[in-house]
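There are 2 protein chains.
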Amino acid sequence: MKTPRIVEVRQNVLRKNDEIARALRQRFEEAGVYVVSLVSSPGAGKTTILEKTASALAGRHCVGVLVGDLATDRDAKRLERSGARVQQITTGTVCHLDAEMVRTALEGWDLDALDFLFLENVGNLVCPSSYDLGEATRVVLVSVTEGEDKPLKYPTIFNTADIAMITKIDLADAVGFRHDDLAAAFEAVRPGIAVLETSARTGVGMDSWLNTLERLRASSRPIAKPEAADQSIG
Amino acid sequence: MKTPRIVEVRQNVLRKNDEIARALRQRFEEAGVYVVSLVSSPGAGKTTILEKTASALAGRHCVGVLVGDLATDRDAKRLERSGARVQQITTGTVCHLDAEMVRTALEGWDLDALDFLFLENVGNLVCPSSYDLGEATRVVLVSVTEGEDKPLKYPTIFNTADIAMITKIDLADAVGFRHDDLAAAFEAVRPGIAVLETSARTGVGMDSWLNTLERLRASSRPIAKPEAADQSIG
Numbered sequence: 194m195k196t197p198r199i200v201e202v203r204q205n206v207l208r209k210n211d212e213i214a215r216a217l218r219q220r221f222e223e224a225g226v227y228v229v230s231l232v233s234s235p236g237a238g239k240t241t242i243l244e245k246t247a248s249a250l251a252g253r254h255c256v257g258v259l260v261g262d263l264a265t266d267r268d269a270k271r272l273e274r275s276g277a278r279v280q281q282i283t284t285g286t287v288c289h290l291d292a293e294m295v296r297t298a299l300e301g302w303d304l305d306a307l308d309f310l311f312l313e314n315v316g317n318l319v320c321p322s323s324y325d326l327g328e329a330t331r332v333v334l335v336s337v338t339e340g341e342d343k344p345l346k347y348p349t350i351f352n353t354a355d356i357a358m359i360t361k362i363d364l365a366d367a368v369g370f371r372h373d374d375l376a377a378a379f380e381a382v383r384p385g386i387a388v389l390e391t392s393a394r395t396g397v398g399m400d401s402w403l404n405t406l407e408r409l410r411a412s413s414r415p416i417a418k419p420e421a422a423d424q425s426i427g
Numbered sequence: 194m195k196t197p198r199i200v201e202v203r204q205n206v207l208r209k210n211d212e213i214a215r216a217l218r219q220r221f222e223e224a225g226v227y228v229v230s231l232v233s234s235p236g237a238g239k240t241t242i243l244e245k246t247a248s249a250l251a252g253r254h255c256v257g258v259l260v261g262d263l264a265t266d267r268d269a270k271r272l273e274r275s276g277a278r279v280q281q282i283t284t285g286t287v288c289h290l291d292a293e294m295v296r297t298a299l300e301g302w303d304l305d306a307l308d309f310l311f312l313e314n315v316g317n318l319v320c321p322s323s324y325d326l327g328e329a330t331r332v333v334l335v336s337v338t339e340g341e342d343k344p345l346k347y348p349t350i351f352n353t354a355d356i357a358m359i360t361k362i363d364l365a366d367a368v369g370f371r372h373d374d375l376a377a378a379f380e381a382v383r384p385g386i387a388v389l390e391t392s393a394r395t396g397v398g399m400d401s402w403l404n405t406l407e408r409l410r411a412s413s414r415p416i417a418k419p420e421a422a423d424q425s426i427g
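Same order as they appear, the protein sequences are chains A and B. This note's numbering numbers the first residue of the first sequence as 194 and each following residue consecutively. This note's numbering numbers the first residue of the second sequence as 194 and each following residue consecutively.
Take these hints with a grain of salt, some might be off.
Only part of the chain A face toward chain B is listed, based on derived beta-carbon distances under 8 angstroms [as the list claims (entries may be wrong)]:
| no. | residue |
| --- | --- |
| 1 | R198 |
| 2 | V200 |
| 3 | V206 |
| 4 | S234 |
| 5 | G236 |
| 6 | T283 |
| 7 | L318 |
| 8 | C320 |
| 9 | E339 |
| 10 | T349 |
| 11 | A365 |
| 12 | V368 |
| 13 | R408 |
| 14 | L409 |
Pair by pair, the computed Cβ-Cβ distance ranges are [said to hold, decoys possible]:
| no. | chain 1 | residue 1 | chain 2 | residue 2 | range |
| --- | --- | --- | --- | --- | --- |
| 15 | A | R208 | B | R414 | 19 to 27 angstroms |
| 16 | B | Q204 | A | R267 | 41 to 49 angstroms |
| 17 | B | R414 | A | G396 | 26 to 34 angstroms |
Derived from the structure by calculation, the hints contain no laboratory data. For glycine and all other residues, C-beta sits at the position ideal for the given N, C-alpha and C.
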């Protein structure tokens with residue numbers, strides 16, 4: 194079903210996406226906002242981790258979240274309770290966010306005022322992998338309930354991620370989770386990837402995750418912001 | 194990113210897929226093989242349910258399985274132990290099976306000898322929904338660990354399914370599964386859909402699932418097979 198014409202159209206789409214993503218990345222860097230995208234299967238726990246993350250950061254940082262779903266604004270409503278600025282992106286039948294959706298959703302935002310921006314992608318282990326969103330760090334979540342072979346079966350999305358977060362670690366015993374098998378699968382497709390283990394329910398691993406975010410943002414921050422640059426997006 | 198040209202190409206692809214799927218469906222009916230496709234998120238338990246299903250049917254029926262993954266033949270290897278005839282379809286970067294992949298994978302198969310054929314799609318709640326594979330029944334699996342709102346957030350895949358199977362029901366208490374919320378979500382997007390609850394680990398619900406398969410096949414079977422028809426595929 195993969196005809197030459199489709200390949201050609203797809204390549205054009207990705208090329209256009211990369212251009213927009215590059216421009217977004219430059220804007221994010223100039224504004225001093227650290228941008229983290231989250232990808233995973235449906236139900237791996239992206240929204241729950243983001244709720245806890247945004248709430249924990251709220252006292253110290255200004256946080257924004259863009260959240261992608263095919264339908265409903267349920268996740269945006271959940272995330273708004275954390276105090277973050279939240280914008281839902283509804284993709285209809287499209288199985289991933291793209292850079293243009295991010296740019297459009299950020300119209301009217303003052304990026305200069307943000308410290309962190311999180312991009313929660315559509316729950317999907319395939320489609321989001323090819324689309325650069327201008328993020329500084331991409332985190333792939335995999336829950337202990339999904340099976341230890343997921344990196345081997347969906348290599349591209351793990352290969353394009355910077356951090357792997359194992360979620361729902363509180364269920365590890367209940368599902369007979371084999372830690373070593375998942376670690377070996379990570380190493381096979383993305384050697385050396387940073388791995389975090391979390392449970393949003395018990396709080397295990399959340400400090401380590403929050404410290405990682407702080408450290409990443411601190412190490413990326415320019416010494417001085419460019420004073421006169423136009424920081425608006427769109 | 195959804196340009197008119199992409200929409201046009203996509204419509205042509207789907208039209209072509211529908212033609213091939215219609216031809217497949219006719220062949221399946223003529224051969225008297227009952228075809229069931231399974232769709233779900235990654236890790237919802239399609240392969241495990243199919244292992245148990247194929248093993249349970251093995252004494253009474255001849256079973257075939259086509260199993261789709263982006264990479265690896267791990268699932269095919271797991272399924273072969275059940276005694277079923279198994280063919281892996283490796284899709285590369287494509288996030289779903291299509292009818293042409295099914296047709297190609299069945300080249301050289303004697304469909305007449307099969308009673309059941311299962312099509313395990315790529316783990317994805319978005320892409321597979323638009324692609325008719327010629328199946329008689331489509332089953333969407335959702336595990337209790339994924340969150341009760343999945344039908345609302347991925348309505349198309351639930352709307353195109355005939356049966357919803359709730360998997361990993363043995364974990365319901367551990368994850369605080371809210372049965373009524375999921376039932377309400379099913380009703381909202383696909384009123385009246387048949388719902389089964391299963392645990393491949395404990396065996397709960399497997400009899401009901403196997404009875405459903407037998408009943409569906411019996412009610413679809415023609416009184417007499419056409420004697421002279423060419424049953425080969427491809």
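Of the numbered hints stated earlier in the document, which are not met by this structure?
Violated hints: 2, 6, 11, 13, 14, 15, 16, 17; rest satisfied.
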